[in-house]
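**Student:** Chains as they are written, first to last, in our numbering: chain E, 1 to 258; chain S, 1 to 248.
These are calculated hints, taken from the structure and not from any lab test. Think of the CB as a built atom: it goes at the ideal place given N, C-alpha and C, for glycine as much as any other residue. Treat the hints with caution; some may be incorrect.
To be verified - To give an idea of the chain S side of the interface with chain E (calculated C-beta under 7 Å), a few residues: (1) Leu50; (2) Leu74; (3) Met79; (4) Phe81; (5) Ala85; (6) Phe87; (7) Gly103.
Stated by the list, open to error - Straight-line C-alpha distance at most 20 Å; calculated SDA-like pairs for lysine to any residue: (8) S/Lys52 x E/Val132; (9) S/Lys52 x E/Met220; (10) S/Lys106 x E/Tyr39; (11) S/Lys106 x E/Val132; (12) S/Lys106 x E/Phe43; (13) S/Lys52 x E/His137; (14) S/Lys52 x E/Val124; (15) S/Lys52 x E/Pro138; (16) E/Lys234 x E/Arg224; (17) S/Lys106 x E/Phe38; (18) S/Lys106 x E/Thr136; (19) S/Lys52 x E/Met139; (20) S/Lys106 x E/Arg35; (21) S/Lys214 x S/Asn14; (22) S/Lys106 x E/Glu42; (23) S/Lys214 x S/Glu59; (24) S/Lys106 x E/His137; (25) E/Lys234 x E/Ala246; (26) S/Lys52 x S/Asn6; (27) S/Lys52 x S/Val16; (28) S/Lys52 x E/Thr125; (29) S/Lys106 x E/Pro37; (30) S/Lys106 x E/Pro40.
What the hints assert, rightly or not - Over 12 Å on every C-beta distance to chain E, these chain S residues come out as not near it, computed from the model: (31) Ser21; (32) Lys57; (33) Gly62; (34) Arg67; (35) Glu181; (36) Asn222; (37) Glu223; (38) Arg239; (39) Ala240.
One-letter residues, chain by chain:
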Amino acid sequence: MMRFVASLGAAVLAVFAAIGRVAIFTAQTISHLVRPPFYPREFGQALLQIGYFSLPVVGLTAFFTGGALALQIYAGGARFSAEAVVPQIVAIGMVRELGPVLVGLMIAARVTSSIAAEIATMKVTEQIDALVTLSTHPMKYLTLPRVLAATLVMPLLVGVGDVIGIFGGYIVGTQRLGFNAAAYLQNTADFLEVRDVVSSLTKGAVFGFIAALMGCYYGMQSERGAMGVGRATKGSVVAAAVLILAANFLLTEAFFSV
Amino acid sequence: MIRLANVHKSFGDNHVLRGASLHVPKGQSMVVIGGSGTGKSVLIKSVLGLVKPDSGKIEVNGQDVARADRDAFLARFGMLFQGGALFDSLTVWQNVAFRLLRGSLKRPLDEARAVAIEKLRRVGLDKDVADRLPAELSGGMQKRVGLARAIAADPEIIFFDEPTTGLDPIMAGVINDLIREIVTEMGATAVTITHDMTSARAIADQVAMLHAGKVRWCGPINELDTTDDPYVQQFIHGRADGPIAALR
Ligand SMILES: Nc1ncnc2c1ncn2[C@@H]1O[C@H](COP(=O)(O)OP(=O)(O)OP(=O)(O)O)[C@@H](O)[C@H]1O
Ligand SMILES: [Mg+2]
Numbered sequence: 001m002m003r004f005v006a007s008l009g010a011a012v013l014a015v016f017a018a019i020g021r022v023a024i025f026t027a028q029t030i031s032h033l034v035r036p037p038f039y040p041r042e043f044g045q046a047l048l049q050i051g052y053f054s055l056p057v058v059g060l061t062a063f064f065t066g067g068a069l070a071l072q073i074y075a076g077g078a079r080f081s082a083e084a085v086v087p088q089i090v091a092i093g094m095v096r097e098l099g100p101v102l103v104g105l106m107i108a109a110r111v112t113s114s115i116a117a118e119i120a121t122m123k124v125t126e127q128i129d130a131l132v133t134l135s136t137h138p139m140k141y142l143t144l145p146r147v148l149a150a151t152l153v154m155p156l157l158v159g160v161g162d163v164i165g166i167f168g169g170y171i172v173g174t175q176r177l178g179f180n181a182a183a184y185l186q187n188t189a190d191f192l193e194v195r196d197v198v199s200s201l202t203k204g205a206v207f208g209f210i211a212a213l214m215g216c217y218y219g220m221q222s223e224r225g226a227m228g229v230g231r232a233t234k235g236s237v238v239a240a241a242v243l244i245l246a247a248n249f250l251l252t253e254a255f256f257s258v
Numbered sequence: 001m002i003r004l005a006n007v008h009k010s011f012g013d014n015h016v017l018r019g020a021s022l023h024v025p026k027g028q029s030m031v032v033i034g035g036s037g038t039g040k041s042v043l044i045k046s047v048l049g050l051v052k053p054d055s056g057k058i059e060v061n062g063q064d065v066a067r068a069d070r071d072a073f074l075a076r077f078g079m080l081f082q083g084g085a086l087f088d089s090l091t092v093w094q095n096v097a098f099r100l101l102r103g104s105l106k107r108p109l110d111e112a113r114a115v116a117i118e119k120l121r122r123v124g125l126d127k128d129v130a131d132r133l134p135a136e137l138s139g140g141m142q143k144r145v146g147l148a149r150a151i152a153a154d155p156e157i158i159f160f161d162e163p164t165t166g167l168d169p170i171m172a173g174v175i176n177d178l179i180r181e182i183v184t185e186m187g188a189t190a191v192t193i194t195h196d197m198t199s200a201r202a203i204a205d206q207v208a209m210l211h212a213g214k215v216r217w218c219g220p221i222n223e224l225d226t227t228d229d230p231y232v233q234q235f236i237h238g239r240a241d242g243p244i245a246a247l248r
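Using the sequences provided together with the hints, build the complete structure.
**Tutor:** See below:
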């Protein structure tokens, strides 16, 4: 019994210690936002890598999800002859929830993992140490550009995802389910509120911040060797995905609780 | 110039440095020798603050490195890492000119490139490697790029971690001459780790031997052969038997 309590206590302490480390890392990252030097070239590259090159995967994910959503709502709505709500529910579902969450998870898979693997490799091959000896702060040079780029570009990606998701629903709605094209769009536009869009883009920014921060954090914490890199990458993706889903719940609560 | 006093460092229960003390006078070339895994790399990394010593004191120019302004100190400093540690996302010349492309030493692009190509030439690399990526070079070439990067901003203090390992004998000679030149002509203070006794004799003013976490012997290069320290004698003659136990 005592042993059980002790190990439970140790686990709780470990969790708090981890939270503390992440919090310190976050604070350090943010503090570099106002302290020069800045590295605009690295920032530009991060924008390109995280934003532009993620567009295909975001587009495909959103398109298929929007289409599937339309089919499901139609089938489900038909049970109590409410098929007509497809445009409205697709719009709400995509913009409020599925757009930000799916884009967030795709970014966790695509961006978090690559940031973590890159930084961890730099760490185990002493490139981070070399940066320090070349008077370059690793947090400024590696972490800040990536976290800032992800935070700024994710709302755009989520916006694109929302639009393409709705478009996926529209294609299925008009081609398969016999909706009138103009009426579908009209219903969508009438139903969405500003608050829906703001919540969507806000979620995007928060998820982008989490995704890049976790990649950098796990990369910097990496142990030595190829196994260290593998472990850092895995840990970063799991942590980013879980934190994104948790943040999604909290943000939904904040925006839409009645 | 650089002074270490009674430095201790452990990784877990691996007690690597156990009271290492060393003094490197300004403008001198110090060569550190010692068995593999005795903590030579850890020793120089602790001067840079890349490894935090558990106890002991490290001073550079009379200033405690734990408290001094590290940026100012690093600005006139260069280091060659044992594994090269080149940035694999940057081309060779961008690696060499890293300091000159950003930060306080920033220079115009073509000027930085010209400096990089000049430094590459000094380590025996042709200018057509300049636009390649580090991964496309051989191990010895990567090492020399690392060396070129270390000396690119004409530092006053330079650490070389095994500069000639992996080089052919002629290239090793070129690098030895280069290091000697940097010390005598530019008045730099150098600390070089090496296992290569030919290289040690070519580079050193002073030699220090690290053993069991301590500097076992330290003296001018011309006393290296005449010292009666059995550890030093065994090491420089590469004998398998002697006071340094070799596990077999
Ligand atoms: N970051 C680290 N974490 C854990 N152990 C380390 C770390 N760095 C070095 N060590 C350990 O410290 C000891 C000394 O390492 P160091 O790299 O200084 O050896 P060395 O004298 O440079 O050897 P070599 O001549 O082979 O390069 C080794 O046992 C190594 O395992
Ligand atoms: Mg070493």
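**Student:** Each of the hints needs a verdict: does it hold here or not?
**Tutor:** Hint by hint, here is what the structure shows:
Checking S/Leu50 against chain E: minimum C-beta separation of about 5 Å stays under 7 Å; hint holds. Using the Cβ-Cβ criterion of 7 Å, the hint placing S/Leu74 at the interface with chain E is satisfied: the shortest such distance is roughly 5 Å. The closest approach between the C-beta of S/Met79 and any C-beta of chain E is roughly 4 Å, which is under the 7 Å cut-off, so the hint is satisfied. Interface hint at S/Phe81: satisfied, since its Cβ lies 5 Å from the closest Cβ of chain E, which is below the 7 Å cut-off.
Taking 7 Å as the C-beta contact cut-off toward chain E, the hint placing S/Ala85 at the interface holds, the least distance being around 4 Å. The closest approach between the C-beta of S/Phe87 and any C-beta of chain E is roughly 6 Å, which is under the 7 Å cut-off, so the hint is satisfied. The criterion of a C-beta within 7 Å of any C-beta in chain E is met by S/Gly103, whose closest approach is roughly 6 Å, and the hint holds. Distance check on the hinted pair: S/Lys52 and E/Val132 sit about 14 Å apart at the alpha-carbon level, within 20 Å; holds.
Taking the CA atoms of S/Lys52 and E/Met220, the gap is near 17 Å; set against the 20 Å cutoff, the hint holds. Restraint check: the Cα-Cα separation between S/Lys106 and E/Tyr39 comes to about 12 Å, which is no more than 20 Å; the hinted pair holds. Between S/Lys106 and E/Val132, the direct Cα distance comes to roughly 16 Å. Compliance with the 20 Å bound is thereby established for this hinted pair. Only pairs whose Cα atoms come within 20 Å are accepted, and S/Lys106 paired with E/Phe43 is accepted, the gap being roughly 18 Å.
For a cut-off of 20 Å, the pair hint linking S/Lys52 to E/His137 stands: about 17 Å separates their Cα positions. A hinted pair counts as satisfied when its Cα atoms are at most 20 Å apart, and S/Lys52 with E/Val124 qualifies at roughly 17 Å. Taking the CA atoms of S/Lys52 and E/Pro138, the gap is about 17 Å. The hint holds against a cut of 20 Å. A threshold of 20 Å between alpha carbons decides the hint, and for E/Lys234 with E/Arg224 the separation of about 15 Å falls inside it, so the pair holds.
Annotation: proposed proximity of S/Lys106 to E/Phe38 holds, straight-line Cα distance about 13 Å (limit 20 Å). Taking the CA atoms of S/Lys106 and E/Thr136, the gap is near 12 Å; set against the 20 Å cutoff, the hint holds. With a CA separation close to 19 Å, the supplied pair S/Lys52 and E/Met139 stays within the 20 Å bound. Restraint check for S/Lys106 and E/Arg35: satisfied, since their Cα atoms lie roughly 18 Å apart, inside the 20 Å limit.
Restraint check: the Cα-Cα separation between S/Lys214 and S/Asn14 comes to about 14 Å, which is no more than 20 Å; the hinted pair holds. At roughly 16 Å between alpha-carbon atoms, S/Lys106 and E/Glu42 fall within 20 Å of each other, so this suggested pair holds. Between S/Lys214 and S/Glu59 the CA atoms are separated by roughly 17 Å; this keeps the pair inside 20 Å, and the hint holds. A C-alpha spacing of about 16 Å is found between S/Lys106 and E/His137, which places the hinted pair at or below 20 Å, so the restraint holds.
Distance hint between E/Lys234 and E/Ala246 is fulfilled; the C-alpha atoms sit about 18 Å from each other, no more than 20 Å. Our distance criterion of 20 Å between C-alpha atoms is met by S/Lys52 and S/Asn6, whose separation comes to about 14 Å. Taken as a hint, the S/Lys52 and S/Val16 pair is honoured in the structure, with Cα atoms around 13 Å apart against an allowance of 20 Å. Our distance criterion of 20 Å between C-alpha atoms is met by S/Lys52 and E/Thr125, whose separation comes to about 19 Å.
Restraint check: the Cα-Cα separation between S/Lys106 and E/Pro37 comes to about 11 Å, which is no more than 20 Å; the hinted pair holds. Between S/Lys106 and E/Pro40, the direct Cα distance comes to roughly 14 Å. Compliance with the 20 Å bound is thereby established for this hinted pair. Listed as outside the interface, S/Ser21 is consistent with that label: its C-beta sits roughly 23 Å from the nearest C-beta of chain E, beyond the 12 Å cut-off. Residue placement check: S/Lys57 keeps its beta carbon more than 12 Å from all beta carbons of chain E (closest about 21 Å).
S/Gly62, annotated as away from the interface, keeps every beta carbon of chain E farther than 12 Å; the closest lies near 21 Å. Non-interface call for S/Arg67 relative to chain E: holds, since the shortest CB-CB distance, roughly 17 Å, exceeds 12 Å. Against the 12 Å criterion, S/Glu181 stays outside the reach of chain E, whose nearest CB is about 21 Å from its own CB. Taking the minimum C-beta to C-beta distance to chain E, about 32 Å, the non-interface status of S/Asn222 holds against the 12 Å cut.
With a least beta-carbon separation of about 32 Å from chain E, S/Glu223 lies farther than 12 Å from that chain, consistent with its non-interface assignment. At roughly 32 Å, the least C-beta separation between S/Arg239 and chain E is larger than 12 Å, which holds for a residue marked as non-interface. Once the 12 Å rule is applied to beta carbons, S/Ala240 is consistent with being away from chain E; the minimum gap is 30 Å.
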